[in-house]
Amino acid sequence: EDEARNQVLIITSIKNIMRGENPRVMTELLSSFVHPEQRTGLAPEREA
222 EDEARNQVLI ITSIKNIMRG ENPRVMTELL SSFVHPEQRT GLAPEREA
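Numbering (our numbering), first residue to last: 222 to 269.
Incorrect hints may appear among the rest.
Here are the in silico distance ranges between beta carbons for each label pair [said to hold, decoys possible]:
id : residue 1 : residue 2 : range
1  : T261      : M239      : 25 to 31 Å
2  : E249      : N227      : 16 to 22 Å
3  : R245      : E224      : 25 to 31 Å
4  : A225      : P257      : 25 to 31 Å
5  : T261      : L230      : 28 to 34 Å
6  : T261      : R240      : 24 to 30 Å
7  : L250      : D223      : 24 to 30 Å
8  : N243      : E222      : 28 to 34 Å
9  : A225      : Q259      : 24 to 30 Å
10 : R260      : N237      : 14 to 20 Å
11 : S253      : E224      : 14 to 20 Å
12 : Q259      : E224      : 17 to 23 Å
Quick caveat, the hints were computed from the structure, so don't treat them as lab data.
Note that the structure is predicted; figures quoted are calculated from it, not measured.
Glycine included, C-beta positions come from ideal geometry on N, C-alpha and C.
Please model the complete structure; the sequences and the hints are all you need to start from.
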């Protein structure tokens, strides 16, 4: 189960990179693969 989830994560990442997806959109999408309790520190830094 974890192996399949990791493969989906990798494939999704590669597809988005190849499409030139916006990095902020990718961050949101990929953070959905991480358990909510482990998402602290994954929020993108905001510029002032």
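In rising order, the numbers of the hints this structure does not comply with
Per hint list: 4, 5, 7, 9 violated.
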